[in-house]
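Since the structure of chain R is provided, determine the placement of chains X and B on it from the hints.
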Amino acid sequence: MTLILKDISKRYGLTEALTKVNATIEDGEFISILGPSGCGKTTLLRIMAGFLNPSEGELYENDRLISSASIQKPVMRKNFGMVFQSLALWPHMSVTQHLDYVLKAKHLHLTSAQRQFRIEETLEKCDLLSLKNRLPGELSGGQQQRVALARAMVGNPGILLMDEPLSALDAHLRISMRKEIMRIHQLTEATIIYITHDQQEALAMSNRIMVMNQGKVQQFASAEAVYTQPLNPFVAAFVGKYNLFSGQWHGDGFQVAQSDFCFQVSCPNDVFRTLGLCPLRPDQLDFGSQGVAGEIVFREFMGQYQLYEVKCDQGNFRVEIEITRVFLAGEKVFLSLRSNL
Amino acid sequence: MKMRQKMVVLLTIALVLVLAACSTNKSTADNPSAKKGSITLYTSQPEEDIQKMITAFNKTYPEITVNYFRSGTEEIISKVMAEKETGTILADVLLVSDDATFESLKSADLLMSYKSSELNGIDESFYDAGNTYTGTKLITTGIIQNTDIIKEDIVSYKQLLDSRYDNELNMPSPLYSGAAAYNLGILTRTSGIGWDFYEGLKKNHVVVGKGNGGVSQAVVGGQQGLGIVVDYLAIRAANSGSPVKFIYPSEGSLVVTEPIGILKSSKNADQAKSFVDYILSDEGQKETAKIGYTPIKEGIDAPEGFKSVKDIKVLSTDLKSLVEGREADKTKFSDLFN
Amino acid sequence: MIHLKSGSRRVLVVLVVCIVFILPLMTLAIRSFQSNAGFSYENYALLLSQSRTHQAIVNTLLVALISSLIATAGGVLVAVLVAYTNIPGKRWIELCVLSPMVVPSYVIALAYTTLFANRGLINQALVHWGLQRINVYSFQSIILVIALCNIPIVYMQCIDALRKVPLEAEWASLSSGHGRLKTLVSINLAQIWPTIQGALLLSFLAALDNFSVPALLGITSNIPMLSTYIYEKAIGFGPSAFQQAAALAMILSSLVMVVLFLQFLVSRKKFYTKSVLAVSEVRMKFSKRGKWMMLFVLVPVFFGIYLLPILTMVMASFSRTFGMVASLSEFSLKNYEFVLTSITTRSAFFNSLWFALISVAVCLVFASMFAYWRVRRPQDKELGVVEKFIAVPYALPGIVLALAMIFFWSIVPGVYGSTLILLIAYVTRYMILQIKGSTSAFRGLHPELEEAGISAGRNRFSQWIRIIIPLTLKPIMASSAIIFISVFTEVTLSSLLAAANSKTVGLSIFSLQQAGNYNQSYAFSALIILFILFIYSVFLIIRKISVHRRKQHDINP
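Chains as they are written, first to last, in our numbering: chain R, 1 to 341; chain X, 342 to 679; chain B, 680 to 1236.
Fair warning: there could be bad hints in the mix.
Stated by the list, open to error - Pulled a few chain B residues facing chain X out of the computed Cβ check, cut under 10 Å:
no., residue
1, Tyr816
2, Ala920
3, Gly1093
Unchecked claim - Label-pair ranges, simulated between beta-carbon atoms:
no., chain 1, residue 1, chain 2, residue 2, range
4, B, Trp771, X, Asp642, 33 to 41 Å
5, R, Asp27, B, His1227, 54 to 62 Å
6, B, Lys948, R, Leu129, 20 to 28 Å
For the record, the hints were derived by calculation from the structure and aren't laboratory data.
Nothing here was measured: the structure is a model prediction, and the numbers come from that model.
Here a beta-carbon is modelled for each residue, glycine too, at the ideal position from N, C-alpha and C.
Bound conformation, chain R alone:
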């Protein structure tokens, strides 16, 4: 089942929450919608789920129109699971009852025994067996999140919509749940649309990432492409944590403003050319004998490398240096391209 978004816009009064979103999501893809708070991710997800009407534009499932501005009641797809940011657990039902309720939906045609089996299976997968009779009020935040996930998965849906499902978890749990979700994706081949504001998560889990800002899609491409070939400064800064040098592009390189140094790189695209910005990742830079002059202001030990923040005339830039070389705050350095690029 292919999901096609055509010119989807959503207006609340005078505020534009979404502007002309166009995308095609193939069956079985893992798509992350990545962006800062307020960029419209949740609104877009709700439109895709059928809970909201777009103000303009259309939503198609294969060839079937399922939502548009004029359709009063968007068609509620039968076969999708959703994890809400607020979890939306039912306080009066136990964990088992949550799963049972979902499985009792008429279109599934499951017998009591089948339901029982599916519930046990899901409970085990989500490590909830020992909690199966507890009410949500008796569960911790992390346990509640697992219940929300279990509830979304238990019906074996063809499409899973998740709104920041791991945001409330601690680092450990987040990583193990991340793996779990990816495993589910592998096993069930369901389409997963996953909202997050954590670029690491998006990069790790998705086939393609839809980067959004202020209601507009900034880039919709594979994880590698978004990371290594950002289409505009926003994507560059948000996903790859690129440094943005201002200056001027010319034939064979980039002339850094307020400096006589020139980076020997090719311009990624016209947007950067017009804006006069050069995107360079911290791992693409090095301290050299010549380059953009600056002074080290901060040093963060990141385990595998040191992250230095260097203050230059233009602004502050970040550089990744291997831990064997140590520089101190206050040292004057020159930023240049790393040679093994």
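Only chains X and B this time, still in chain R's reference frame:
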């Protein structure tokens, strides 16, 4: 905390003063002069009637305030008894339906003896030897008929038992109205009527309301076609154009005199006596007739539509058995109709 | 007294509360065991052997049960319609449904007696079509009128709870493939089930307490109910009558205790929900056709239930004789003339007004102090118990409290028979309402706000005027408004405690009806409704001003 607590104390004092001011029982404003002060009257007269009487009374005695409490006779007596229980009877004067009621109050030694100067012209039979209560008007009980609903002539109580009047009958309750209790006592002791009469009424699904006011309203308004009710309500309604008429039953009429009496415990005896005097005076009796009752004093004309006492066939029994039997009668009635 | 040590202050408060709120009821309990032979079970034995008592108990329980079931069903239904759907005219619907909070139950009962008068339009039509007349003085009518009066209780509880069910909880159900109706039942209603149970119990209690409807509709048709039976005994003749009334009151109170216990059990079962804000989005959209169909059904139903009886009553109040105004010749202002000029009705009006104002003032002062204390010093645990004591006279039926008042306060000379006893009764009964309102108001007031005021150098007094009062005015005034209307239209306590010079509005209307002066009771009722509407608008304006002033001073918590 200091400021706030000061405020609180001030407020509390202010509040207490206000409460004290408004809870002043007006009847404790004692005044030696007989023309000033206030009395508390408990009466079973209809509100409009007693208000007119008080207004007229105040023309002669403008400085005496009359606070009144109005309910059915039986309820008034219960209230007086209850007040006696708690130690203070609040009423000064009682003006309720019938002799028998006053007799029982007399035997409980609650009444003050007062021989009014206005007794001239009032027949002896209308007040007791000890002058503890005096009749104020003549009220007879008879039949009210809505002529739009019931076309034929109704002449007697017995006629009401006819099955064609099923669901068309209304009567006051002896448990509330003194007149009704009085009537119950007499009718059940009159041969030819007796308890059978009441059982027959029950068979016709008679509606037992509370007071005579309700009966009158019901028949005037057409809820039922016939009712047993006091004369003045029916006659006044007929006189103001309602399609009703009052019938003095062939078996005879039951007459009560709505006596007035002063309670022994009254702290406003002087003012109370003035009130009694007024009611029994010529002016008071003329006012009574004007309001719409047969006056009890000779020489004062009865209003239009009312028969005078000479023309009425009066049913009665000896007072003593009425008084003694009242509670038992009420209980038996209550059992019959529950 | 200004600098009472905190400890002795607490003892004083506990003592005063016990004397005012608890002792009267204990006196009642003791009296019920008194007879001429001293302490005995005689009263209970006699009463419980009489069929009238059995009948009264059975009737009371049946009326309470059936009316609360109907009220709950109706209240939940309307709450769902208003909270979740897009039907037009929600304001009007809410106004109608909540009208019994403003219009006293005896006026509603009166209005229905006019509508279904024996020879009124409806019954005439029924007879014309060969059907049975509807008798409004019947068991069924009592149940229906009480249910109508209690729907607001259910509605208010449920509508807030319904709005707090998160949209996403519904979406989670819809996304699993369940339909709209199943979601409504299994998710929304299931989640607010404890609220529904609580509302059911509350309306059950309200039905047990109701005196005026059984009095108006049941006394003349001889339907014994405990509340009116107690009244009849209390005004009945004989020394043992009072004790018997006390025994009946204890029986009624024990029924109430059972329900209160059930309430306690239910309230502990509240499902955990993260604190949510109420949402007013429409969740169930009717199509255009659907909307019109709903209107087609709802408008006549609401008109018939809420407006028609009142209209009929008002029309009858303009009639010279009993019954509807048949023609212009019957039209008369006579009844209004009587009501406006009669000493009784005028003094009743001013008495009730006076009572209401003083009750509100007294409750405001003491409740606010108590609430402030309670909120700022949560470590004084006994205040919680004290508050429960204060709540008892409100939880028990009014007629029971009235009787207790008589027994207890007649010890103090000059109280029984004066306006004071009625005032004491009102304050005793309604104090808890103001405490609850003031407590929630103060709870919402962060102590840091006050401390900021102090640190800015203002003294306590201006702190109260500038900060505390404006911020807490709204919830506090809401409670005061309820107390005002309750005292102003009250009839149960007045029926036993009013004296010749302290008649109240409720009692006046009740007496007029009992005496058979129906049209005058209608006229008075109509005027009272007008007055209440006037007061309500005044309160609305005060609230608007307080909000406006708050915005002006820009104090936002």
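Quick rundown of the hints versus the structure:
1. Tyr816: Check passed: Cβ of tyrosine 816 of chain B comes within 9 Å of chain X, closer than 10 Å.
2. Ala920: holds, 8 Å
3. Gly1093: holds, 7 Å
4. B:Trp771 <-> X:Asp642: 33 to 41 Å: For aspartate 642 of chain X against tryptophan 771 of chain B, whose Cβ atoms are near 59 Å apart, the range 33 to 41 Å is violated.
5. R:Asp27 <-> B:His1227: 54 to 62 Å: Given range 54 to 62 Å: holds, Cβ gap about 58 Å.
6. B:Lys948 <-> R:Leu129: 20 to 28 Å: holds, 26 Å
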